[in-house]
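Chemist: Protein chains in written order, with my numbering: chain A, 2 to 287; chain B, 357 to 696; chain C, 66 to 409.
To be clear, the hints were calculated from the coordinates, so they are not data collected in a lab.
Do not rely on the hints blindly, as some may be mistaken.
To be verified - Below, a list of computed lysine-lysine pairs in the DSS-like style, where the Cα atoms sit at most 27 Å apart:
#1 B:Lys470 - B:Lys424
#2 C:Lys141 - C:Lys153
#3 A:Lys174 - B:Lys477
#4 B:Lys487 - B:Lys547
#5 B:Lys470 - B:Lys428
#6 A:Lys174 - B:Lys470
#7 A:Lys174 - B:Lys614
#8 C:Lys89 - C:Lys141
#9 C:Lys334 - B:Lys614
#10 C:Lys209 - C:Lys153
#11 B:Lys477 - B:Lys467
#12 C:Lys334 - B:Lys547
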Amino acid sequence: MSLLTSLRRNYQQGRISGTLLLGLGILLAIVLFSAIGPMFVDAVNAQVGAVRPRRPPGPEYFLGTDSQGRDMWTLLIYATPNTLKMGLIAGFIGVGVGTALGLIAGHFGGIVDAIIRVISDALLTVPAIAILVIIAGNIDRMNTVIMALVVASLGWMFTTRTVRAQVLTIREKSYVEVARVNGESQWEILFTEIMPNLMPYIVASFVGTVSGSILAVIGLEALGLGALDEMTLGNTIYWSQQSSAVLRGYWWWWGPPIVVIAAIFIGLFLTSVGFDRFANPKLARR
Amino acid sequence: MTALIEMQGVTKTYGAFTALNDVTLSLSDTSPSMTAVAGESGSGKTTLARMMLGFINPSHGQVLYQGKDVAKMTGAEQRQFRREVQPVFQDPFDVFNPFYRIDHVLETPVKRYKLADSETKARAMIEDALKRVGLRPQDTLGRFPHELSGGQRQRIMVARAVLLRPRLIVADEPVSMVDASLRATILDELKTLNRELGISIVYITHDLTTAFQICDNILILYRGNVSEAGAVERVIGAPKHPYSQLLVSSIPLPDLSKAWGGEEIPVSEAAAARANPGCKFAPRCPHVMEMCWDNLPPKYVPDSERLATCFLYRDAPVSASDDVASVFRPPNHSITATAP
Amino acid sequence: MSAIQDSKPILVVEDLNVHYDTGKGPAKAVNDVSFSLRPGERLGLIGESGSGKTTMATALMRLTRAPGRIAGGSVKLDGRDILKMSNKELRETRLRDIALIPQGAMSSLNPVMRLEEQMIDAIVAHKPGMRRAELDARVQELLKNVGLAPEVARRYPHELSGGMKQRAAMAIATSLAPKVIVADEPTSALDVVVQRQVMQTLGRLQDGLGAAVVLIGHDMGLIAQFADTVGVMYAGKLVEIGPVRQMIESPKHPYTRLLVDSLPGIEVKRELTGIPGLPPPLVDLPPGCSFNPRCPLAFERCVRETPLLQQVAPGQSAACHLYPEHAALPPLPPMTRAHQELRP
């Protein structure tokens with residue numbers, strides 16, 4: 002009840018915007034699609050040779066079939082959650098590690114800060130995909146979790162950088178000094194004064210890292226470096242490439258995964274923009 | 357008699373730059389005073405304030421609170437010092453964490469310093485402090501900082517300090533970002549706190565008119581050095597140091613008989629020309645003499661209740677004490693208060 | 066003074082309205098403001114934050130930006146309405162005929178250009194075809210006029226102090242000898258001594274050019290030291306205007322009186338008085354006179370009817386229902402010390 006009233010008040014104050022609702026709505030729809038979808042289709046249809054190959058979308062096969070006899074609709078329903086899962090795991094790990102390092106670097110400074118900063122800046126300048134290709138290419142038994150870890154290994158620097166810069170800015174604010182004379186300890190200042198003001202940046206970093214990770218995963222998979230025996234959006238694109246689907250006009254093969262990927266990105270983007278307004282009451286009045 | 361707060365030969369340097377140079381000042385523990393520290397940007401007034409508050413430590417000399425070195429306090433002593441010496445900051449926007457309703461900044465000290473043993477008492481204390489600074493609790497609590505005006509916010513910060521019943525409030529330009537019509541009320545609050553609750557006030561400002569109105573004594577800083585100090589009636593009413601004279605004559609008064617006049621004062625900002633170990637004001641001083649360039653003038657006492665660090669007064673006696681407060685006028689009100 | 070009164074106005078502002086569109090309707094930041102200015106005249110416009118004074122300054126230059134918009138009225142410069150000019154005419158008019166010294170004049174300088182390049186750019190934009198030697202001579206002259214040394218021309222803005230940057234901005238604003246100079250709080254970030262120097266320089270420049278100046282500010286002391294005519298803005302309206310001496314010695318609007326009284330002097334110590342209450346939000350003005358909730362003399366008519374600016378003394382007009390019934394402002398009831406905001 003109190004949550005509901007609080008939500009309603011926030012909505013009336015303009016803190017919950019249409020952008021946020023639309024973004025969350027798109028993400029919710031994608032999650033529901035992945036969660037409920039499997040109840041209505043038969044997983045067998047997504048296996049090679051399960052259905053008649055190369056059928057265009059129609060009443061029989063809603064999204065058509067690929068040249069190896071897999072039902073695209075079923076494939077999409079099983080591939081989307083796997084791709085999301087990899088993005089989320091990589092996002093959580095990348096942002097978790099990145100936030101911790103950023104806080105340590107910004108709050109404590111000194112030599113620790115110097116080391117963290119040099120490493121993260123150096124890693125930001127090298128093209129991540131090149132390193133990821135090397136790492137992924139040297140892993141024998143690839144699966145979705147390992148893929149997420151590989152991508153996360155280079156997904157923390159942006160968060161570290163953002164969080165560190167924000168901690169440095171916030172540390173200079175008079176309200177941190179007020180907190181000190183109000184009797185708060187260093188840790189209380191870090192968690193009650195600084196952390197809440199980092200939330201918009203952490204959420205934005207999370208959204209960015211998840212998008213970046215999904216993009217990296219799809220990139221690696223499209224190059225054939227993914228776990229090829231698992232159903233993912235990237236692998237679907239890889240197989241469509243292998244079969245020259247674009248040239249042969251099988252648009253229903255490569256089109257739907259791209260639409261889903263785009264929807265994920267748009268949902269994440271709108272959520273991050275909308276969240277900014279929620280986290281910063283000053284913007285709400287406008 | 358130990359002083360409430362005492363700065364002993366305090367110097368603060370940042371690399372080669374001296375922000376504050378050898379200031380000795382003690383404020384009485386028994387008669388609550390209102391002291392202004394005035395100067396332009398770069399005068400060292402904010403550095404002085406931050407050292408009094410224990411935010412930064414002096415490079416040389418020490419700051420003593422009730423006889424104890426602020427830089428070397430034990431945990432318990434530091435806790436007491438933190439509570440009893442409270443700041444009011446310049447910017448009424450930056451002092452509020454935008455994430456919280458304004459209640460946060462008032463509830464935290466009550467909890468952290470265990471000022472109340474129940475929620476009800478805590479609430480009553482906060483409401484009382486707000487009323488004391490002229491705010492209606494029902495219009496203030498539960499609001500976000502951006503929903504209040506600059507004047508209201510600054511009053512909340514005064515209320516926050518009051519909650520802790522401090523011995524000393526160091527207010528750094530508390531009204532410079534507040535509209536003129538609201539300034540008077542905030543300064544009046546400070547004066548009332550001094551008179552009614554016996555809180556000593558150090559008022560850091562660039563505005564000599566408000567310093568004159570609310571303070572007993574004033575200390576004028578120029579590039580880290582004390583140029584003149586004493587009772588406000590002396591220092592502002594009839595300044596002796598050429599720098600104080602320049603400052604006072606530049607105040608824009610809404611009084612047409614005190615017009616600036618047609619004569620323009622020369623532009624001298626570009627002039628830091630001659631690197632000098634002597635008086636820092638020498639390059640701008642209309643009365644500069646040869647001796648000013650090489651020697652730092654001592655604290656001359658040209659008449660009662662004031663000292664001026666200027667060789668123009670070299671025939672006057674040099675202050676017997678390093679403490680600039682030795683020439684301060686005892687606060688008026690405390691004389692009546694201590695009557696038997 | 067008499068020369069000023071004889072000449073015909075150079076700037077005539079009539080019923081100027083500037084609105085900010087908000088979710089709750091338009092905020093009337095400038096509300097039916099009219100005044101006129103003769104060559105050589107110094108008008109000081111004073112107001113607190115939210116009174117519309119900066120909006121006024123930008124509207125005079127037609128620099129109003131969204132969400133603000135000029136909702137009506139005219140700003141006639143030498144008979145030509147700035148608000149109706151084509152973009153080309155407007156570009157030509159700005160700086161040549163009317164120049165702005167903005168609030169953050171210090172940050173209005175381009176940080177990556179030497180001062181002389183910025184000054185030359187400004188001149189060449191209006192007077193193409195000047196030879197380099199002429200331009201250099203002009204730059205030197207302008208710098209000298211604002212009290213800066215010739216070598217300052219070769220410097221970048223970050224190499225200048227706050228006061229020097231303000232002077233540099235003044236040199237650019239006066240480079241084409243404009244007829245009207247709008248100065249929006251030109252000294253708000255400066256120390257008191259530098260403030261005095263800068264204001265005196267502005268005064269001397271203006272005398273040399275014979276230009277009119279609109280000085281926008283919040284400090285009655287500064288305005289009194291500089292202006293011949295003082296206008297007081299409250300909640301978007303011009304509530305009183307008149308010669309500086311009359312405005313300070315015998316203000317007719319209660320708000321002006323309170324503003325003057327709220328300034329502490331250095332003669333005698335006295336109770337400091339503020340003005341109770343807060344300015345109203347511009348989207349939600351009280352009915353009648355906007356000042357009525359804070360006015361110690363408000364009566365029934367003030368809540369009912371918006372007062373219009375009317376002449377109350379020679380050269381002095383006030384928007385207040387006390388007139389014409391009263392010859393002068395009645396004494397204000399004594400204000401309670403502190404706790405003023407607690408009053409209902």
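Chemist: It remains to establish, for every hint, whether it holds in the given structure.
Modeler: Right, here's what the structure says about each hint:
no.	hint	in the structure
1	B:Lys470 - B:Lys424	holds (24 Å)
2	C:Lys141 - C:Lys153	holds (17 Å)
3	A:Lys174 - B:Lys477	violated (31 Å)
4	B:Lys487 - B:Lys547	holds (16 Å)
5	B:Lys470 - B:Lys428	holds (24 Å)
6	A:Lys174 - B:Lys470	holds (25 Å)
7	A:Lys174 - B:Lys614	violated (40 Å)
8	C:Lys89 - C:Lys141	violated (32 Å)
9	C:Lys334 - B:Lys614	holds (17 Å)
10	C:Lys209 - C:Lys153	violated (31 Å)
11	B:Lys477 - B:Lys467	holds (11 Å)
12	C:Lys334 - B:Lys547	holds (13 Å)
Hint check: violations occur at hints 3, 7, 8, 10; the rest are consistent with the structure.
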